[in-house]
Structure formats: structure tokens, C-alpha cells
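Chemist: Here is how the chains run, residue by residue.
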Amino acid sequence: MSDSATANRPASNAPSAGLLEGIVQAEGYKYGFITDVETEDAPPGLNEDTVRFISAKKGEPAWLLEWRLKAFRRWQTMAPPDWAKLDIAPIDYQAASYYSAPKAASGPKSLDEVDPELLKTYEKLGIPLGERAALAGVAVDAVFDSVSVATTFKDKLADLGIIFCSFGEAVREHPELVRRYLGSVVPQGDNFFAALNSAVFSDGSFVYVPAGVRCPMELSTYFRINAAKTGQFERTLLVADRGAYVSYLEGCTAPQRDENQLHAAVVELVALEDAEIKYATVQNWYPGDENGKGGIYNFVTKRGACRGARSKISWAQVETGSAITWKYPSCLLEGEGSTGAFYSVAITNNRQQADTGTKMIHIGRDTSSTVISKGISAGRGQNTYRGQVKVLSNADGARNYTQCDSLLIGKRCGAHTVPYIDVRHPGAKVEHEATTSKISEDQMFYCQQRGLTAEDALSLIVNGFCKEVLNELPMEFAVEAQKLLAVSLEGSVG
Amino acid sequence: MSKLLEIRGLRARIANGREVLKGIDLDVAAGEVHAIMGPNGAGKSTLSSVLAGKPGYEVTGGTVRYLGQDLLAMPADERAREGVFLAFQYPVEIPGVNNMYFLRAALNAGRRQRGQAELDAQQFLKAVRERLKLLDIGDDLLRRAVNVGFSGGEKKRNEIFQMAMLEPNLAILDETDSGLDIDALRAVSDGVNRLRDPARAIVMITHYQRLLDYIVPDRVHVLADGRIVASGDKTFAAELERTGYAYLGDAA
Ligand SMILES: Nc1ncnc2c1ncn2[C@@H]1O[C@H](COP(=O)(O)OP(=O)(O)OP(=O)(O)O)[C@@H](O)[C@H]1O
Ligand SMILES: [Mg+2]
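Heads up: the sequence lines are chains P and V, in that order. Plus 10 on top of the position in the first sequence (first one is 1) and you've got the working numbering. Plus 18 on top of the position in the second sequence (first one is 1) and you've got the working numbering.
The set of hints was computed from the structure by calculation and includes no laboratory data. There's no promise every hint is true.
Stated by the list, open to error - Straight-line alpha carbon distances no greater than 30 Å define the calculated DSS-like cross-link-like pairs of lysine-lysine that follow: (1) V:144 with P:477; (2) P:303 with P:164; (3) V:144 with P:493; (4) P:95 with P:448.
To be verified - With the C-beta cut set under 8 Å, the calculated list includes, among others, these residues of chain P facing chain V: (5) 456; (6) 458; (7) 459; (8) 460; (9) 461; (10) 470.
To be verified - Anything over 10 Å on all C-beta distances counts as not near chain P; from chain V, calculated: (11) 57; (12) 80; (13) 103; (14) 120; (15) 157; (16) 163; (17) 200; (18) 208.
Built from N, CA and C at the ideal position, the CB exists for glycine as well.
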């Protein structure tokens with residue numbers, strides 16, 4: 011076994027003078043507007059009645075209500091995790107509302123039935139729900155607060171046997187699939203936030219790609235928190251049957267509000283024999299202001315099971331938003347020869363905190379995993395990579411390669427690398443490399459000497475730093491992500 | 019001939035450090051090529067850094083006028099967009115940033131400043147191909163990240179290629195000839211000669227007479243201990259080669 015863990019090894023020369031010193035506020039969170047729609051909300055508070063209320067609102071079958079209640083009882087016995095390097099003010103779970111739905115949007119059958127206010131919102135966000143979706147070749151499911159407002163291209167996909175719909179609809183139309191896979195990757199009691207989600211999850215997306223089908227377009231869900239004082243708890247379940255292929259994108263924004271809002275999602279992926287799932291996230295929830303007021307608490311459990319032989323799951327994420335991010339998209343590599351990958355860019359600016367990484371659990375033989383993490387800290391941002399590589403005793407020929415690079419912009423931010431390596435097979439090959447560098451003033455000056463402004467220079471260098479990860483995003487998203495990186499770093503050169 | 023660059027009594031020190039430029043006077047007219055020679059540590063690179071606006075230096079006296087403007091009042095990126103180009107003694111690597119992408123961003127930044135339309139991908143490629151031929155550069159360098167893994171000579175060629183693309187008014191070449199093999203030196207020199215232009219001034223910092231055989235300068239200066247201590251025409255360099263700087267130092 012070769013395990014060359016070297017955390018925080020400096021990779022490049024530190025700048026001499028203080029060009030990057032002055033950290034001012036990030037100005038433009040473009041998505042901070044509020045949509046004025048009439049909503050139907052659950053009263054604040056959380057108890058069994060809340061769970062029943064949500065389930066009833068959604069007209070769920072008894073088995074699902076029972077499932078929720080079981081999760082709720084489990085949650086009551088649990089405590090929030092305290093091991094992450096995050097400074098979180100105590101959360102009053104009784105103060106939030108656990109259900110908010112735009113009145114007009116309950117169950118639209120087609121785009122024409124969607125409240126025009128909502129369509130306008132997505133238009134403003136640059137999310138194509140109508141004609142433009144067709145041009146972009148992306149099928150979109152849009153989740154507004156607690157409900158899915160529109161799923162495009164459903165019919166076209168249905169011709170191929172692909173199911174792409176809101177979670178609520180999946181429960182109604184495909185209960186057997188939902189029942190078979192729900193909670194099979196992330197058990198109810200997996201962690202505090204997963205248990206909470208299992209009890210009160212509102213909506214989300216469901217995807218099933220049948221055996222041998224290659225999904226011909228990118229599937230995309232767009233999550234938007236709009237209402238005040240509500241949490242968002244969506245649940246995504248994605249199953250790729252034998253030999254199927256699907257690429258899935260997820261984007262998130264929220265209005266600018268002074269109070270923190272909770273977002274606790276669960277995503278479960280199942281890849282059967284020879285199936286491949288690519289799951290990409292661009293997370294741009296409202297990050298709070300420059301003093302750390304407001305912003306989304308993003309506590310998310312994402313996990314994929316490579317159940318079948320030679321199956322592949324790849325997570326790619328660009329995390330630029332949220333006040334606090336707690337998120338570890340992981341792979342259970344059960345099938346022989348299965349492959350897991352995690353590509354991540356996480357930016358923290360101002361007072362943002364991120365504790366993110368992955369778990370690669372090697373269970374089957376000849377499983378391999380790749381982890382590429384790029385953490386960028388600016389302002390007073392704190393950025394932690396936390397990753398586990400576990401090789402079980404039967405995983406002959408298991409291999410992992412992990413690379414964690416941290417980039418510091420200015421002097422008041424922090425980067426931390428916390429790798430856990432747990433190898434129970436003597437033949438496993440696990441490599442871990444880590445670097446921490448400061449943005450180099452020589453690079454900045456070189457760019458500026460060629461005519462680029464400080465902002466453009468920084469964005470260029472940061473994009474270069476993230477290149478290996480951005481390359482893993484679908485084309486349309488990569489461009490968006492690049493712009494987002496630039497916006498997230500606004501004000502971090504002085 | 020109008021003076022493109024006028025340096026008067028320029029003094030500068032390393033931020034919170036010692037004085038390196040101790041009163042530089044230098045005039046360069048459009049269309050001219052000047053060579054600056056001088057011992058190691060004399061302040062040649064510091065002069066080019068100060069002219070380009072590199073942070074970490076503090077101007078403590080004197081003035082620099084560039085095309086009639088106060089050069090020292092402009093931020094570094096604006097100087098660049100106004101046509102001041104520095105070919106670095108040690109070009110910097112920028113991992114993950116494609117050379118072409120970088121160059122196009124730089125070119126368009128300058129064009130925007132001058133109120134010209136940005137070049138689209140096709141126009142840009144056309145310009146690139148013309149310049150490549152001029153400098154005998156393989157296009158594989160263009161597909162790679164900026165200077166990453168380039169050999170010393172490749173980095174220098176890339177600098178001159180950037181200069182050819184950006185078409186500056188004032189080009190300062192800091193030891194562009196150092197580390198070049200004979201063929202590369204000839205290719206780079208040919209390239210620079212083709213970039214000589216009545217509207218453009220070139221200031222070359224070098225240690226070697228050899229370069230001046232290829233790129234024949236209008237004026238040659240010796241910079242020693244932070245001052246220009248001697249100047250002459252193109253024959254002066256050959257003389258220096260024989261006598262060395264020590265003799266001058268005594269005289270100065
Ligand atoms: N950023 C800096 N920090 C500390 N010292 C510096 C810095 N820049 C220049 N110096 C010092 O200033 C003096 C002049 O350096 P400079 O690089 O200008 O010399 P040069 O004439 O270009 O020499 P060479 O021919 O070796 O390239 C040297 O003593 C150098 O060490
Ligand atoms: Mg020098």
C-alpha cells in the first residue's frame with residue numbers, strides 16, 4: 011500500500027507585498043430577489059402533526075406516511091453532527107415552517123398551467139422552462155420552495171421509457187420503484203439531517219432510466235427557495251438500470267434574507283450493472299452578506315451506490331453559495347470493477363464556511379475511485395476538505411487517487427485538509443496528495459501586464475486552478491460555473 | 019521624432035527596502051531601439067518593473083512621461099492596455115489557463131480600451147497564424163497552459179509572440195536573449211526586427227553584444243548602481259565588450 015498523505019504542503023511561493031490584502035465585500039448576489047406569490051404554508055414548528063400535514067398535503071399513501079413518521083421518531087433521538095470545522099449558531103428547529111407551496115402551482119399538468127409569476131422567476135434566473143429549454147437541449151424540473159412547478163420534456167423522455175418527474179408524482183405514478191429504492195442508499199437514520207429530511211421532505215426529482223437506455227439529453231433540476239422562514243428539504247432519487255446512462259445537473263439559488271434558512275436535502279443514486287451516472291451541482295444559494303448576516307445553511311447528504319459490476323458514478327460540484335456548507339457526496343463501490351469519482355470546487359468568501367468532501371467506500375473487488383478537490387478561500391472564508399477513503403477487507407485490487415488543492419486569497423481566510431484513510435486490505439493502492447498555495451502576485455502581475463484588470467486576472471487564475479474539475483461539468487454548465495466563480499470572488503482583490 | 023518615453027531623475031526603492039534606482043534619465047523616441055546593458059544587480063529589471071507598474075516598488079522621485087501622459091499615475095493593467103509591454107526575464111506559469119485563451123483575453127482588453135471591436139475566435143486565429151509564421155513557433159505551444167512546462171527558450175519565444183500579437187507602442191525586453199540557443203536567438207531577433215516600426219519604441223535589456231549583432235540598436239546605455247553611467251551609438255557595445263564595466267565604473 012502506498013499512502014503518501016501530506017496535508018498542507020506549500021506548493022508555490024507566497025506573495026511578497028500586499029496587493030491582495032484589502033478584502034472588500036462581495037457585491038453582486040444576482041439572485042437575491044423575492045417572488046411575490048400566494049403560498050400555502052405549514053404553521054411553524056415540527057412535531058408528528060407537521061409530518062402528517064405534509065404527507066396529507068401531498069396525498070401520500072399510508073406506507074410513506076409511516077416511513078416519514080419512523081424517520082421523525084428516529085430524528086428526535088439524534089443530535090446534530092459536531093465534528094465538522096464549522097461555527098454554527100444553534101438552530102431552532104421549531105421556529106421554521108416545514109412546508110410552503112405557491113398556491114397556483116399545485117400540480118400543473120403543463121407549462122401553460124404554471125403561474126406566470128413563477129415562469130418569470132425562472133426566466134430571471136436564466137433557467138429555460140419553455141421554448142428555450144428545447145434550444146438548450148436540457149430537460150428541466152423546477153422546484154420552487156416545497157413543490158415541483160414544471161418538468162419539461164417529459165413526453166419525449168417517456169418515449170424512451172425514461173421517467174423524469176417530481177418526487178411527488180413518482181410516489182403517485184411509480185410507487186413500486188420509489189418504495190424499492192427510497193432510503194436504500196441513505197438510510198433514514200444515517201445522520202441528523204438525513205433523518206430530518208426523511209421526515210419532512212417536500213419535493214424533489216425522480217429519475218429512472220431503464221436498462222440499456224442512454225438518456226439523450228441532460229436532465230436538470232433547479233431548486234429555488236423563495237418563502238421566508240421556511241426550510242427546503244428536497245429529495246432526489248435517481249436510478250440507472252443495467253447499462254443505462256444519464257447525466258444530471260442541479261442548480262440552486264435563494265433570495266437575499268437576513269435570517270438563515272435551512273436547506274437539508276438528500277440525494278440517492280443507484281447504478282446497476284454497467285450503468286453510469288454523472289451528477290453535477292452548481293450550488294449558489296444566498297451566501298449571506300459580507301458580515302455573515304443571513305445566508306443558507308446547506309446541510310446535504312448525497313450518496314451513490316454502484317450496485318452493479320462495472321457501474322460508474324461521478325459527482326461534480328461547484329459550491330459557491332451558502333453561508334455554511336456541510337456536504338459529502340459519496341460512493342458505495344459495491345459492484346466488482348465499479349468506479350467512483352468526486353470532482354469539487356468550493357469557494358468561500360467573506361464569512362462563508364464550507365466543510366465538504368467525499369467518502370469512497372471500496373466494498374467490491376477491483377473498485378477504483380478518484381477524488382479531485384479544489385478549495386478556494388477568500389475574505390474570512392473557511393474551507394475544509396474532509397474526505398474518507400475506506401477499503402474493506404474483500405476489496406481486492408482497490409485503488410484510490412485523491413488530490414486536494416487549496417488556494418488562499420488574502421491573509422484572513424483559512425484552508426484545511428482532513429483526510430481519513432481506513433484501509434483493511436493489504437493490497438489496496440491509496441494515494442493522497444495535498445497542496446496549499448497562495449495566489450501568486452507574480453501571476454497576477456503577469457496577467458495585468460498583459461492588460462487584464464485585477465478582477466479578470468484573479469478569475470482567470472482561479473479558473474485555471476479549477477480546470478480539472480470544470481472539465482468534468484457539461485459544457486453549458488462549465489461556462490456558467492466560470493462566470494459564477496468570478497462573481498463569487500468579486501471584491502476579493504483590493 | 020517625438021519622444022515616446024521620457025524618464026527624468028527616476029528614483030525608486032524596494033518597498034520598505036533600499037534604493038535601487040538612483041536617478042535615471044532616459045529618452046526614447048518612437049521608431050528607436052535602445053539597448054540597456056550593465057552589471058548584475060545594477061537595477062535593469064527594477065527599471066522595467068517600475069515602468070510596467072509592478073507592485074513592491076516605491077517611486078521616490080522623478081517623472082516618467084509616456085506618449086505625453088504621466089505613466090507612473092496609471093495602474094499596471096492600464097499601462098499595458100495603453101501599449102506598454104514587458105517581455106519578462108522570468109515568464110510566469112499559469113496552470114490550467116490555455117495560452118490562446120489568455121492571449122485573446124489580453125488582446126481584447128487592449129482593443130476595448132482603444133474603442134476597437136473585439137476579435138472573434140476566427141479573426142483571432144487568423145492573426146495568430148500570421149504571427150506564428152513570423153516567429154517560427156510551433157502551434158503546440160498554443161494549446162498548452164500559459165508557460166507551463168515550457169522550456170526556457172520556449173518561454174522567451176512565447177513572450178515575443180505575445181508582443182507580436184499585442185502590438186505595443188513601447189516594448190521592454192528584459193534579457194529575452196538569455197537562455198536561447200543560436201537558432202532560437204536568430205528566430206527571436208528576426209521576429210523583433212520585423213516588429214520594428216516607426217510608431218514603436220523597443221528597449222532591450224541584455225548582457226550580450228551578440229544580440230546587438232542581430233538587432234542593431236540606435237542607442238546603447240550602461241546602467242550601473244542605479245544610474246545610466248554611459249551612453250553611445252551601436253559601436254559602443256562592442257567597445258564595452260572589450261573594456262568591461264569596471265573601467266566605466268571607475269570613470270563614472
Ligand atoms: N523585489 C525585490 N526584493 C528585494 N530585492 C530586490 C527586489 N527587486 C530587486 N531587488 C534587488 O535590487 C537590485 C537590482 O536588481 P535587478 O533585478 O533590477 O538587477 P538587474 O540589473 O536586472 O540584474 P541582472 O542583470 O542580474 O538581471 C538587486 O540587488 C536585487 O537583489
Ligand atoms: Mg535583470
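Chemist: I'd like to know which numbered hints this structure contradicts. Please list them from smallest to largest.
Modeler: Checked against the structure, the hints that fail are numbers 2, 13, 14 and 16, while the rest are satisfied.
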